[in-house]
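Asker: The chain contents come next:
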Amino acid sequence: MGSPKVDPVGARQLPSQVVKADEPLLVAAAKSGDISAFETLVSRYERKIFRLTQNITQNREDAEDAMQEAFLKAFEHLADFEGNSRFYTWLVRIAVNQALMKLRKRRPNVVSLDQEVDTGEDILPREVEDWGPSPAQRYEQTELSDILSKTIGELDPPFRVVFQLRDIEELSTEETAEALGLSVPAVKSRLLRARLKLRQKLNPYFKQEKKS
Amino acid sequence: MKCKKIINELQDYLDDALDATLRSSIEEHLGRCTDCRIVVDTCKQTIDIFCNSEPAPLPLTTRQKLHEALAKRLGRARA
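Just so you know, the sequences run in chain order A and B.
Throughout the first sequence, residue numbering follows our numbering, covering 50 to 261 in sequence.
Throughout the second sequence, residue numbering follows our numbering, covering 1211 to 1289 in sequence.
Derived from the structure by calculation, the hints contain no laboratory data.
Bear in mind the structure is a predicted one, so any value in this text is a computation, not a measurement.
Check before you lean on any hint, since a few could be wrong.
[Said to hold, decoys possible] Okay, derived cross-link-like pairs now, EDC-like style, lysine to aspartate or glutamate, Cα gap no bigger than 20 Å in a straight line: (1) A:K256 to B:E1278; (2) A:K256 to B:D1258; (3) B:K1282 to A:E125.
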């Protein structure tokens, strides 16, 4: 019997490197005062930005306020956007800052993002049940959204925020480190723990049914 | 290579940031260690599920509040 096939992990292109063709034009128009161009950008990203602020703050009112403030700040500071990164990446950084301010205000005792956090031995996986192919397709879209939102909400903020930026918004490790004021090794160790914890939390939903 | 070493290198393996030699020795281990292969596969699926998930539509009242606030502020900027 041959060895099980190992699914190779291919290098994927991060969406933060992919720009919709019309985006530079919309940004340029918005910079020159075209409000409808800015509104197009808002409509394009409002769902993603709200998911981001909701996942970080875990509070609807704070998430709404943080989203609003992020878009308004983005508009006010459009002149500072130099186009070295994708507009969305720049917007995400503004939204993360707004969401973190809300989180700190509501939960002042929360572990500071730049504080040392324990990423020690307890990350070693204990449950190793297989999920089988396409586990997410077992759920309806809204049910899946609820599961993902619930599981990420159970992570401690320092891990949740890093996972949100790196694996949901797909910023690079360096962009994530810069946005959060962390070192690259700190981002990597938090991300590893977040990924393993989430894998463990998703296990009950996605594990393969045992054949009797 | 031991299972613990796989966990230590998991991050760079998943992000395709390992040199070819280390990568192939990890894949050789994964070919014969079912537990590690499952951890790596399910971890990769975890990332893919989150990464490919569509954000839910904005609740109507949330969208209204956002666009009213923008109209108010942007309208002032236009004036």
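Asker: Next step is simple, just say for each hint if it's right about the structure.
Answerer: Results for each hint:
no.	hint	result
1	A:K256 to B:E1278	violated, 44 Å
2	A:K256 to B:D1258	holds, 16 Å
3	B:K1282 to A:E125	holds, 13 Å
Checked against the numbered hints above, the structure violates only hint 1.
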